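> So you can see what is in the structure, the chains are spelled out below.
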Amino acid sequence: MDTKLKSISRNTATKFIAFVIVVILFTTTIVSFVYLENLSFNYESLFVEQYKDSETFANEFNSAIHETNYFINDFPRNIPDKLDYLYYIKTDGLENTNSGKYTKEFFLSFKDSSFIYENGEILLGENTAPTFITSFNTQEDITMYIAFTDEYLGSKQVNWETAREKLIPIVITIIASIIISLALIVYLIAVTGRKHEDESVHYSWIDKIYTELLLLALFTTLSIWLASIVELSYYPRYYNFQLNSIQVRNIIIIGLVTAVCTILCGAFLLSISRKIKGKIFLKHSITYSLFSKINDFIKSLLDGRRFSKNSLTKTLHQRQIIFIMVSFILVFFTFLFIAVPPLILLPPILEIALIYWYIKYNNETYEEINKGFDESIEEQMKSERLKIDLITNVSHDLKTPLTSIISYVDLLGKEEDLSDTARDYVNILAEKSNRLKNIVSDLFDLAKSTSGNIYLDFESIDFKKLIEQTIGDMEDNIEKSGLQIKTNLPEEPVNILSDGKKLYRVFQNIIDNALKYSLQGTRIFINLEVIDRKAVATIKNTASYEMDFTQEEIMERFSRADSSRTTEGSGLGLSIAESFTNVCGGEFDIDIDGDMFKVIISFELL
Amino acid sequence: MDQIRILVADDDKEIASAIGKLLSIEGYEIIEAYNGLEALDALVSNNVQLILLDIMMPKLDGLSTMLKIREKKNIPIIILSAKSEDSDKILGLSMGADDYITKPFNSQELVARVKSQLRRYMLLGDMANIISDSQIIIGGLSLVKDSKQLLVDGEPVKLTPTEYKIIEFLMSNVGMVFSAEQIYEKVWEEPAYSVENTVMVHIRRIREKIEINPKEPKYLKVVWGIGYKIEKY
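Sequence order for the protein chains is A and B.
Quick note: the first sequence uses this note's numbering, first residue 12, plus one each step.
Quick note: the second sequence uses this note's numbering, first residue -17, plus one each step.
None of these hints come from the bench; they were simulated from the model.
On a predicted model such as this, the values are computed, not experimentally measured, just so you know.
No residue lacks a Cβ here, since even glycine has one placed at the ideal position from N, Cα and C.
One should not assume that every hint holds.
To be verified - Once the Cα atoms are required to be at most 30 Å apart in a straight line, the calculated BS3-like pairs of lysine-lysine come out as:
(1) K130(B) <-> K491(A)
(2) K443(A) <-> K211(B)
(3) K512(A) <-> K191(B)
(4) K459(A) <-> K197(B)
What the hints assert, rightly or not - Here are the in silico distance ranges between beta carbons for each label pair:
(5) P40(B) <-> L530(A): 53 to 59 Å
(6) P40(B) <-> K382(A): 44 to 50 Å
(7) K41(B) <-> K382(A): 36 to 42 Å
(8) D468(A) <-> Q131(B): 46 to 52 Å
(9) N404(A) <-> N195(B): 22 to 28 Å
(10) L397(A) <-> P40(B): 20 to 26 Å
Work out the full structure: start from the sequences and follow the hints.
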């Protein structure tokens, strides 16, 4: 039962309906109120049934007395012809009335509303409440009678009752609306952000607005709303309980503005209450985040977190901050101590001590840093040297036995009394040891270039010329292969900054590769073009086998285009080409499209 | 001088012995040494015409040994090393070596280089006498302009007229790099238009005739992406 109630009360639809009802009720309240104001209803008629008993009438009665008293000063002039009440005045032997009657009894006959002043004494009508008369001061020697006719009071009573009839239902509506609205608002505040499933606070998109902005929006909306009500409230005094067209229009506008403002304010209020519930009202504000950032910054300065990245200079930074802050405080105290002459020397003395401290410890840190820096450079150089030494030593250790092998195989081949079989074996040994030699040589070239331990000789070279020279240099191999090389090179030189010798190795390896693995009778295309300030060379050939590998796989060390691995070569050709291209400052790319194998090498133009 | 004596200095005894056997077949007398000090001792007690010297040796390394030898003797020294960097080669050659062979070596190439150095060394006395304006000598190359002949280590090499013109042009401007166009215009005396391949093919042919290992030329070098030159020695 409890959960069911919860599920209903926390249902979005329920909340929505409640919200809509609040908007409607609130708008109704405001519109009703403005309507009442426009018609200048006297709210006293709500509480007092008889006009003659009302405060309104008391005021009217009082002002009649004062008005009449005022007449006396200017007597007999300035008495208006038409008055709502009857009077009789007598002073200095002159007397005046608008009733035609001069007797006290006539006036007293109006029991509900009569006032007699005679011989300094006040006498009221039989049913006239003494509380009506607030204060009255005048010369003692005047006589003054005042009364309201029953006809007049009667017509007033009719108006009074009409107003009462109209007012009561509207006011009840307003009160009921307010009560229901308040109840619903309390409900909405209670359930907003809550969901049936859990007890945590769920935020909506509006809660992403910073608290200050939310409050600002709330007050702006409220101001606009109030301003529009003040601006549009125009209350001409009409007593016939009818609104004119301007008033109707204004009330409609006020109603619309109120509805919109209520929706907005409601949304803002609920957002604020959600934030309060989630305890992020203060945290999720510009001020808070600003302060926390500043706070964090200052903290990070003090606890050294800020400088943790550059550990070498960390202490320097910290000391600097202490220096600046203490200096600042000392300057402040200097100004403060101007009033106390003997003390004014204190801050400068402290400042000198501070400077001494600052410089002394900074120098120590500098020394440490220098030492550390030297050490790290030395270490780096040492490790570089070790790396080079390793490559050189391994290379030497591999080459030395290989030299023996090759030499003795050669000597063995020179022996005359070898059997045919033995000679075959020697030939195989010679061939294989030669291949091993090539592999070792390639391997170290690759090791050196990939580890960056390679001697480079950069100069301005003509890319086009280099390609032509390489092709010319390899002409024998090309002729032997039976393949054709088609070149498409630009007319003018293509100057790049590179190491010609290394780049020759690159092209030699690529063309070699193409010659080895091209389908018989096909052509190898070598293009060079300038695209976007880049010299781009492409070498395309048609493979003689199915290339069942990807660009990445072919680039891996030791991978050869054919998986059988029987032909000559170290299998490092492309890897060396790639590595050399990279150390020479170029880009190396491979593209495989069906049987088309494409190498793309590009360099920035000089 | 009846028999030529060669000193082989290598800390790897098997390699020293293999080289010794290779060269013995060619008719040379071999003295083996297994470190720099031994090599120096051997030189004192023997009349040696050529030295094959390893760099990485115990006691006294090859380069230091070479400096010591060079203080007294002008005999050809061929460095034989596993160090194959250009910088190593340049260092060795600039410190007084006449040639540089990297391990593992090809035995034919080794023998050819040894012969080349010996020929030059033996002929040096004669050649010094006939130096004239019409002769250009660069290392083992000597160009005799009068007879339009090129001698490599004293042996004449057969060149076509174009090849001769090219080598004459390059040797006359030793150390300078010329583009294919420049060479073509000079040699063919025609305006050059896509001549790279033509020139390259000729250069390759010349290299095959004058170089012991055309793949690693000693004299006629390609400056990749720029041109061609004869190396200065």
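> State for each hint whether it applies.
Quick rundown of the hints versus the structure:
1. Distance hint between K130(B) and K491(A) is unfulfilled; the C-alpha atoms sit about 34 Å from each other, more than 30 Å.
2. Note on K443(A) and K211(B): the hinted pairing is violated, with a Cα-Cα distance of about 35 Å set against a maximum of 30 Å.
3. This hinted pair checks out: K512(A) and K191(B) have alpha carbons roughly 22 Å apart, not beyond 30 Å.
4. Proximity of K459(A) to K197(B) is assessed by CA-CA distance (about 21 Å); at most 30 Å being required, the pair is judged to hold.
5. Checking the proposed 53 to 59 Å range against P40(B) and L530(A) shows it holds: the Cβ atoms sit about 54 Å from each other.
6. The supplied range of 44 to 50 Å is broken by P40(B) and K382(A), whose beta-carbon atoms lie about 37 Å from each other.
7. Take K41(B) and K382(A): their Cβ atoms lie about 38 Å apart, and the range 36 to 42 Å holds.
8. The given range of 46 to 52 Å is broken by D468(A) and Q131(B), whose C-beta atoms sit roughly 35 Å from each other.
9. The hinted range of 22 to 28 Å is satisfied by N404(A) and N195(B), whose Cβ atoms lie roughly 26 Å apart.
10. Separation of L397(A) from P40(B) is about 22 Å and conforms to the stated range, judged on CB atoms against 20 to 26 Å.
Going down the numbered hints, you'll see the structure goes against 1, 2, 6 and 8, while the others check out.
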